[in-house]
Structure formats: C-alpha cells, structure tokens
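Going by the numbering used here, the first residue of the sequence shown is number 251, and it counts up by one from there.
Derived lysine-lysine pairs resembling DSSO-like cross-links, with alpha carbons at most 27 Å apart:
#, residue 1, residue 2
1, K272, K457
2, K588, K453
3, K445, K531
4, K588, K531
5, K445, K457
6, K457, K588
7, K385, K272
8, K531, K578
Think of the hints as simulated: they come from the structure by calculation, not from any bench.
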Amino acid sequence: MNDLSDDDVEYMLADWVLWGRKSQKPPPGDWNVWLFLGGRGAGKTRAGAEWVAQQMRQGRKRVALIAATHADARAVMIEGPSGLLSCSEGAEYEPSLRRVRWPASGAEAAVMSADEPDSIRGYQFELCWGDEFCKWPEPQAALDMVRMGLRLGENPRMMITTTPRPIPALLELFTSSGCTATKSTTYDNAANLAKSFIASMKKSYGKTRLGRQELDGEIIEDVEGALWQRDRIEALRVKQAPACERVVVGIDPPVSKKGTCGIVVAGLCGDHAYVLADCTKEMLSPAQWADRAADAYERFEADCVVAESNQGGEMVQSTLFTAHSNMKVKLVHASKGKVARAEPVSALYEQGRVHHAGVFPELEDQLCQFDGTGPSPDRLDALVWALTELFPQNRKLIPVPRVRVI
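Please model the complete structure; the sequences and the hints are all you need to start from.
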C-alpha cells in the first residue's frame, strides 16, 4: 500500500468491484431480468447505476432508464448522489432531449416515464434499468412495453431495483422464468447510513410487517382477514378522477407533537368516490401539519376539512384556523371502535364505489394490512373520515357480509 500513488488509492476507494456487496453485483446464470429487492437506503440505486456503467464499458449502445416519472429518473437515477453521472465516466445528461449520452462510444440511454406506458412504444434497446418498480403508476403496462422493446444485441437484459410491495405485477415478475432475484436490507448498508437513522428504524419498525417490507426488502403478502384486498384496489384504480361535485380533506391528527398526521383528500362524483391524494407526513409540529392540510384544502379546492377531535379537541380546530382562517372545519369524535368505523368504508370498496386516482403505496399498504388488530393506522383513519363524510348515508348501513379470520 505504501508504494501506491494518491491516484491509485483514489481509484481503489472508488472501485465498485472491490467495495460493492455481493447482493449489489449481477447474479450468475443465464437470466434476462435481474430483480434487486432492497430496503430503504440499501444501495439499490448505486447497484443499478454501477451495472449500467459497467455495461457501457463493455460496449452496450442502447439503454432505457425508467422511473415512475421523468422527475424521479433525473433526481435519483441520473443526478442523484448514487446516480449514473456519479459513477459512469464520460456520461453527459441532456435533460431537454431526455437522454444520457456517452460521446466517446456513441452510446445513449433514453430516459422514460412509467406513468406513460405508450411513450415507451417504438423504442428498442439492449439494456434497461427500471427503478422503484412498485412505485410505477401502471407497472404491468409499462413492463410489457419495455419487454417488447428489449430486442437488440446478443443478450438483452433488464435490471429492476425496488423496495417490494405485494402488487400483482411484482409477484408475477418474481416467479417468471428468466428472472433472478437478489435482496439487500437497509442494515446491510449501515456503513453508509447515519447511525441515528439505523437506531431509529430498529426502534420504530424492527420486527413489524412494515419493517420487514421497507427495511428488510421482503415481499409481505396481504394479511389474511384484512378489510381491504389489493387486487380489488387495483381493479378499481383510475389514472385521473373526473370533476368532483364535492371534495373533502380527512385528517387524523398525531397523538404526539412529532407524530404522523394522516391527511387524505377524496372527492365525490355521483355515487362514486375518488381518492385524490395522500398528503400524510411524519415528524411535523402542529403548525406544520396544519399548513400541510391548508395547502391540500386550497390545492384541491376542498369544501371542508374533517378532523378527528379525540386527540386535542378544540385545539385541532384552532390550529387549523391559524393556518387558514377561512377553512371550513368539521370536527368528528370517534365514538365507535376502529373496526366499526372502517367496515362501512371497506364495504364501499367491495361494492366498486371507491377508486384510487393514481397510486398511493403507503396508504394502500396500510389498508391491505389492517385486520382490526394493533394500532389504527394514520393514513387509513384519515381516509375513513374523508369517505364517511362523503357518504353520510353509509354510516348506518350494514357492511357487506365477509368472513373474518379469528
């Protein structure tokens, strides 16, 4: 080591072959899809960027880079601290043309958005990297278009990096022929993460279902006996909601000053409701979550805000009025148990009367994991308050009969 120059040492410190973990490197075998499942901060983006960079050095010419949106592709896959520009020498990003070029070799990567599957049609490439697949608005449709375009070269391949969710598209991909999966946990990458973050995650989510999914990178199937089913939500999903006659913002205020405030926006059109936004945020002060609720109220031109008063009572109302003096606020008191409040709303989904206008991963995970036990999730509670306000006649209806697991 003493004989190495400063340049040699710098090269070694940046050498991915030397420092990358086994799970971050291409698996052996004759695969055409490498599915890299990882927890938050597990090094998925770096693995994807390094793989593309390596393939470019080996002579690949046509690549597709796909994220949920163009903004995500730019901020994470390309310009992010672990993105392509940080590890691929000679790469040049041309945002106006939505492409990355390697002038020295003539190679280029088209930057695409999964929220427009048809925009992928017509392209052809020999390599594809898709990031955060489970966040894609239309994952199956986008994946189908990618596979049809992956037709150049002797061995076209695709890498998918994502924190898993048990969506049908991922489950089908995971079990498909030609797909090889690797996994990495958040803790595997602890050397590159803040110690306080690791400690906080272990304390808050260790051994929980959410922790197993978001930190350990496991595919957690829906809970048996849950009040919501993922396939039902998927079947009723729409890309955009129609003009709504009435819009409300449901709020589940946090118990503590720095807890999570559930904020969900929903609208009514005829006898169908549309979930428009999940504005839930963690670690906000009362003033901050009130400002966030006021922003949603203004942005969606809501008719009113419905807020649970069990935690804080009149303080909740005064906090909201401080953020927006003209806001119409309706306080509701949770006199029934959480299951009794949630079941009529769950019945609306079963009747095909609630549609998600877009994808809301965290909210949908809470819905499909709620079986009536454990604490009542914040996003779910906010949704229940919003939809209960939109369907007042539903409060006294008997829910659709269902089999519950005891």
